[in-house]
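Number of protein chains: 2
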Amino acid sequence: LDKLRRRVVGFAKEAKKMAREDPRRIAHSFKVGLALTLVSIFYYVKPLFHGCGLSTMWAVLTVVVVMEYTVGATLSKGLNRAFATLVAGALGVAAHQIAVLCGDKGEPVLLAFFVFILAAAASFSRFIPEIKARYDYGVTIFILTFSLVAVSSYRVEELIQLAHQRLATIAIGVAICLCTSIFLFPVWAGQDLHNLVAENLEKLASFFDGFAAEYFADHQRGETSANWEGKPFLQVYKSVLNSKSKEESLANFARWEPSHGRFLFRHPWEHYLKIGALSRRCASSMDALSTCIAAPPSKSKPCADPDLQLKIRTACKEISSESAKALKEISSAIRSMTFPCSANGHLSAAMAKLTKEMQAADDSDLSGILHVATTASLLAEL
Amino acid sequence: LDKLRRRVVGFAKEAKKMAREDPRRIAHSFKVGLALTLVSIFYYVKPLFHGCGLSTMWAVLTVVVVMEYTVGATLSKGLNRAFATLVAGALGVAAHQIAVLCGDKGEPVLLAFFVFILAAAASFSRFIPEIKARYDYGVTIFILTFSLVAVSSYRVEELIQLAHQRLATIAIGVAICLCTSIFLFPVWAGQDLHNLVAENLEKLASFFDGFAAEYFADHQRGETSANWEGKPFLQVYKSVLNSKSKEESLANFARWEPSHGRFLFRHPWEHYLKIGALSRRCASSMDALSTCIAAPPSKSKPCADPDLQLKIRTACKEISSESAKALKEISSAIRSMTFPCSANGHLSAAMAKLTKEMQAADDSDLSGILHVATTASLLAEL
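Chains as they are written, first to last, in the numbering used here: chain H, 734 to 1115; chain Y, 734 to 1115.
Chain H with its partners taken away, still in its complex shape (with noise of 0.2 Å):
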């Protein structure tokens, strides 16, 4: 008992945690219960529900799934479910008229050969990329409805009437949820993925400061042996390693959406993709750097005599503060929308530095040609 107490405390920290860390979580939340109140009202109102019948129950059970955190997600869900219903609602009526055709005998034979073949071909178009990242829905709900109709057209009498029913409630709960996740409070996808793309370049700019910061004084003033570890700074950079798969769906997402505040329809968000893989080729250069430091430090190095060691050294430290200056610049840059002005000095400061001491191997150059493409790639988008 005490056990589950415990659990049930973690938990509700947890809980709290998520909510201090994006309050638009708790909004979300709200949003998703005011949405399912206003669905249910359908139920509770008498003319509305003779209107629609039983069927009331598919713009409950569409609101529950088409919800989603993003408006992108939700239009995107949204226009497939349907989209995707009335074109299998069709097919499937038309299944119905070929099957009752072949007489009392031969339609529950055809109907389950319609449904096995177009079921398994839907599935199997699950696997095509392009159509998993963007249709996957689609084609799921195709499945369904089409089933649904063809097989439940042996026992109903009205299909037509019954399709038409379930098409009309599927759109009310379809703008419902639009309108609650447009109208209160939205939460772009867009917005998240040009923030996301920011904030990963700033973390990249704090390795580099910190990098300047502590290594090099450390090794200034010849401490050697500090727990490299534990510095915050070594860490910074871990999470933009693992930014890949929510980049993409944010993309994804982010093409399905209207345009909103500084962004136009058709914003293009493979930009920030680009830009988003140049953070994480720089950020796995990090990790192979930040190794490179927490290894202890090998006993004998005695072909580099110490004037050109401090001499690289300052060098290094410099490099690493002007990147951190340019990095800094860009991702500024990047949340005001401008052209970076002086990041390309920044950087061409790094450079001349970095050209200057090409012959001492350090590898300090590696992140320095990575982020060199990194401004490149981002000065042609802007």
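Hint data in this document are derived by calculation from the structure and do not stem from the laboratory.
The model shown is predicted, which means the values in this text are computed figures rather than measured ones.
Accuracy of the hints is not assured; some may be wrong.
Which copy is meant is left open, so a pair is good if it fits within one copy or across any two.
[Claimed, not checked] The calculated lysine-lysine pairs, modelled on DSS-like cross-linking and capped at a C-alpha distance of 27 Å, are:
{"no.": "1", "residue 1": "K979", "residue 2": "K746"}
{"no.": "2", "residue 1": "K979", "residue 2": "K749"}
{"no.": "3", "residue 1": "K736", "residue 2": "K750"}
{"no.": "4", "residue 1": "K736", "residue 2": "K746"}
{"no.": "5", "residue 1": "K979", "residue 2": "K1007"}
{"no.": "6", "residue 1": "K746", "residue 2": "K865"}
{"no.": "7", "residue 1": "K736", "residue 2": "K749"}
{"no.": "8", "residue 1": "K865", "residue 2": "K749"}
{"no.": "9", "residue 1": "K736", "residue 2": "K865"}
{"no.": "10", "residue 1": "K750", "residue 2": "K865"}
{"no.": "11", "residue 1": "K977", "residue 2": "K750"}
{"no.": "12", "residue 1": "K977", "residue 2": "K865"}
{"no.": "13", "residue 1": "K977", "residue 2": "K1007"}
{"no.": "14", "residue 1": "K865", "residue 2": "K979"}
Chain H is fixed; fit chain Y onto it per the hints.
Showing chain Y alone in chain H's frame:
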């Protein structure tokens, strides 16, 4: 029209490729078709239909939604659905009983209030990562069933009988799905995860192989201007970098699976995730290494004398071929689930070389270090 035709042809080609890559996908498509046809028998056979009435629809719905590619995913969805329906149905009936006490006017208000609160709370719980990972689908179904039962209780007379029918049909749907997915050409998430991890290790090994064979061989012949970007061994590790989300979802589903093949229930799936994380670290240092290779050779490296350079190169070549051997050992050990005995030998050979040549600062020591970590964790597991 010509554009449309080209698109259709492109689609067909892609579908063919998908089918050839993994023939189990075709089997899966037919399994979905079969399960749907089986469930639609309930419509065609009169006594069965009259036992369940219109609720038969729910069996079809369940089959379409629950049927997934791997056994683990189907099991997790099916159990989630059945359990959530049971709990939500009971709560819905309870809510109805309470609401009835408030009289004709109060009933709809109280019902709407219940729906609002529970839907909001359940939606919020979906943001908590643990629930999101394992019970996301169950929570959706919980909201769905609760609102359907609570809201329709206002209009429907024989609530208990309806709930009973619905539960029975959902159970039938889940049972059909499980039977087809477990007994007909099962696709085990655990097996897939196992193969994926072993395959990723092999990819890393092939990188080392290619590195040893092509890069150092070229250098020995004095050709440094080859086009490294295009080499296949430089592309092969990239898929390893992005395997995180796939591995996690497979491990998640594998937890639900009963014992199959050589895997028991409660097989230590989390170890696979650890190995996967280490392979990704290894791949990310390879990424850094290959950027270094692909970069144009710096013109001036005056400090090192050619004799030392040659020595370093030979050492690096040996290190990477030993590493490749060790990785291949480990991978085949994972495949056969035995203890990797000779991998230790290869690894210590590589390490001996490494420490001997530690004074030569080259990136290979980076990947060497990561690599030791990979093996160490593996040995701990087996």
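Do the hints match the structure? See the list:
Proximity of K979 to K746 under the C-alpha cut-off of 27 Å is restricted to the intra-copy arrangement: shortest distance 25 Å within a copy versus 29 Å between copies. In this homomeric assembly, K979 and K749 come within 27 Å of each other (Cα to Cα) only inside a single copy, at 23 Å, whereas the closest approach across copies is 29 Å. With identical chains, the CA atoms of K736 and K750 are at most 27 Å apart within one copy only, with a shortest distance of 21 Å there and 52 Å across copies. Proximity of K736 to K746 under the C-alpha cut-off of 27 Å is restricted to the intra-copy arrangement: shortest distance 15 Å within a copy versus 56 Å between copies.
When the C-alpha separation of K979 and K1007 is checked against a cutoff of 27 Å, the pair qualifies both within a copy, at 14 Å, and between copies, at 21 Å. Within a single copy, K746 and K865 get their C-alpha atoms only as close as 36 Å, which misses the 27 Å cut-off; across copies the closest is 16 Å, which meets it. When the C-alpha separation of K736 and K749 is checked against a cutoff of 27 Å, the pair qualifies only within one copy, where the shortest distance is 20 Å, while the shortest distance between copies is 54 Å. In the homo-oligomer, the alpha carbons of K865 and K749 lie at most 27 Å apart only across protomers (16 Å), although the nearest pairing inside one protomer, at 34 Å, exceeds that limit.
For the homomeric pair K736 and K865, the shortest alpha-carbon distance between copies (22 Å) is at most 27 Å, but the shortest distance inside one copy (42 Å) is not. Taking CA atoms no more than 27 Å apart as the test, K750 paired with K865 passes between copies only; the shortest distance there is 15 Å, against 33 Å inside one copy. Within a single copy, K977 and K750 get their C-alpha atoms as close as 24 Å, and across copies as close as 25 Å, so both meet the 27 Å cut-off. Taking CA atoms no more than 27 Å apart as the test, K977 paired with K865 passes in both settings, with 17 Å inside one copy and 18 Å between copies.
With identical chains, the CA atoms of K977 and K1007 are at most 27 Å apart both within one copy (11 Å) and between copies (19 Å). Both within a single protomer and between protomers do K865 and K979 lie at most 27 Å apart by alpha-carbon distance, with minima of 16 Å and 14 Å respectively.
Violation of the numbered hints given earlier is absent; every hint is satisfied by the structure.
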